[in-house]
Structures are given as C-alpha cells and as structure tokens.
Amino acid sequence: MNRALTLLSFGAVLAFASAPLLASGDVANGKTKAASCVACHGADGNAVDPQYPRLAGQYNEYIQQALHEYKDGRRNNPIMKGFAATLSDQDIEDVAAYFSGMPTKLDTLKGHVQGD
Amino acid sequence: MSRLQLLGLASIAAFLVVGNAYATGDKANGRKLVYTCNGCHGIPGTSNAYPQYPVPKIAGQNEQFIISALHEYQSGDRTHPTMMAQAQSLSDQNIEDIAAYLSSITPIK
Chain G
-2 MNRALTLLSF GAVLAFASAP LLASGDVANG KTKAASCVAC HGADGNAVDP QYPRLAGQYN
58 EYIQQALHEY KDGRRNNPIM KGFAATLSDQ DIEDVAAYFS GMPTKLDTLK GHVQGD
Chain W
2 MSRLQLLGLA SIAAFLVVGN AYATGDKANG RKLVYTCNGC HGIPGTSNAY PQYPVPKIAG
62 QNEQFIISAL HEYQSGDRTH PTMMAQAQSL SDQNIEDIAA YLSSITPIK
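Residue numbers (my numbering), protein chains in the order written: chain G, -2 to 113; chain W, 2 to 110.
Treat each hint with caution, since some may be false.
As the list claims (entries may be wrong) - Once the Cα atoms are required to be at most 30 Å apart in a straight line, the calculated DSSO-like pairs of lysine-lysine come out as: (1) G/Lys28 with W/Lys110; (2) W/Lys28 with G/Lys102; (3) G/Lys102 with W/Lys110; (4) G/Lys107 with W/Lys28.
Claimed, not checked - Residues of chain W clear of chain G, computed beta-carbon distances all greater than 12 Å: (5) Gln6; (6) Ala86; (7) Gln89; (8) Ser90; (9) Leu91; (10) Ser92; (11) Asp93; (12) Gln94; (13) Asn95.
Hints are computed from structural coordinates only; laboratory data are not their basis. Note that this is a predicted model, so its numbers are computed, not measured. Cβ coordinates follow ideal geometry from the N, Cα and C atoms, glycine included.
Use the sequences and the hints to build the structure in full.
Structure, rendered in structure tokens:
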C-alpha cells in the first residue's frame, strides 16, 4: 500500500514536471516583450553577430524551453539569465510565438548530411 | 625576391592567420561529423520527453553560437543529458568543423 502510494506520488510529480509546453502564445504581446531581444537577435530574428543565435522560425516550444532553462539555471548564461528573469510564463509563450512565426533561415538536418 | 616583397608576403600571411581565428572549421569534415546529430536533429518536429519540446533546428544557425553552445554542454553550463554526452565526444576542432558546416547551410524549400 505504502509502496503504491509512493509510486503514485512519483507519477504525479512527473506529470506536473512534464506539463507540456503549449504553442498558444500571443504574437502581438510577444512583439512588445521582444523589444529588448532584437538588439542582439535582430529585428527579423536573424542575429547579425554570429555569437548570437538566429531565433526566426525556430520551433516555438524549443524557444520556450530554452527561456525556462535560462530562467531556472539549467542553462548558465549571465546575459540570458538576466533577460529571462524578467519574463513570466505567459511572456515566454508570447515571445516564443513571435519569433517562431518569422520567416526562417533555419532548417533541420534532413537532406543536409553525408549520403543524403 | 626583394626584401619589400618578402615583407608584404609575410604580412599577408600574418593577416590570413589572424583573420581566420574564428573560421578555422572544415566544412567537409563537419558534414561527416553531423551524421550523428541527424538521428534527432534531422527529423522535423521530433520531440524530447520530460519535458516535451521539439529538438531545435540547427542547420543555418550562426557559427560562433554553435561553438559556444557545444562548449557549454561540455562544461555543464548547459545540462541536457544527451547533448552533454554528445559534446563530450567532440574535440575543439570537431566543434569548429560542425559549426562551419551547419552555419553554411541554407534551408531546403
């Protein structure tokens, strides 16, 4: 019984921890919140300085994931930690919706590896 | 060859060496090395589990950023388990080669 309860609570924790990232952000609010991002990441989401990543057309949920990781320290980057700290969960969804919807220069590796 | 010409050649050589400090990657070797990456990064929309999010698009990404990201997985400044393991297997030169190739890609329309 105890064991079953323990297992169940582990399951519950896991379910919360893995709450899915949803692609339901508000693009207009994202644009407002992205005002400080564009200094490095470019107004069109394609950073000119090659030390910064292109965000335009990156997957929505991946951008959300990266921002959460900068915010909670799973990614340790002093610049992005500061910016991510100012964003709420809703802001993160909105910013991700904004950048992911831009015309992209990014691609998956499909068709780009040896033998393709 | 005159002394002046030699001096000129030497300074051109020096310029080339310095100028290449951020672009020493070998694209052709990079193209071979990314074979491993293709398992996840080559499948559009492929997801990680817990938490679930799509594996990022890395083709066409900026060169220096790719180099930084891979070094951060090596050092633990980024903590994704699969990527930490993958990055451990790469030398500095491997990383530059991969970045040179990935950043040179334009999307297939």
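Results of checking the hints against the structure:
With a C-alpha separation of about 26 Å, the suggested pairing of G/Lys28 with W/Lys110 holds against the 30 Å cut-off. Annotation: proposed proximity of W/Lys28 to G/Lys102 holds, straight-line Cα distance about 18 Å (limit 30 Å). Distance check on the hinted pair: G/Lys102 and W/Lys110 sit about 10 Å apart at the alpha-carbon level, within 30 Å; holds. The suggested pairing of G/Lys107 with W/Lys28 holds, with an alpha-carbon distance near 17 Å, which does not exceed 30 Å.
No Cβ of chain G comes within 12 Å of the Cβ of W/Gln6; the nearest lies about 35 Å off, and the non-interface call holds. Under the 12 Å C-beta cut-off, the non-interface status given to W/Ala86 relative to chain G holds; the minimum distance is some 16 Å. Residue-level check passed: W/Gln89 sits 17 Å from the nearest beta carbon of chain G, beyond 12 Å. At roughly 17 Å, the least C-beta separation between W/Ser90 and chain G is larger than 12 Å, which holds for a residue marked as non-interface.
At the 12 Å boundary, the C-beta of W/Leu91 stays outside the reach of chain G, the nearest C-beta of that chain being 16 Å off. The Cβ of W/Ser92 sits about 19 Å from the closest Cβ of chain G, beyond the 12 Å cut-off, so the non-interface label holds. For W/Asp93, the condition that its CB be more than 12 Å from all CB atoms of chain G holds, with the nearest at approximately 17 Å. Annotated as non-interface, W/Gln94 keeps its C-beta farther than 12 Å from every C-beta of chain G; the closest such distance is 18 Å.
The Cβ of W/Asn95 lies farther than 12 Å from every Cβ of chain G, with a closest approach of about 15 Å, so its non-interface assignment holds.
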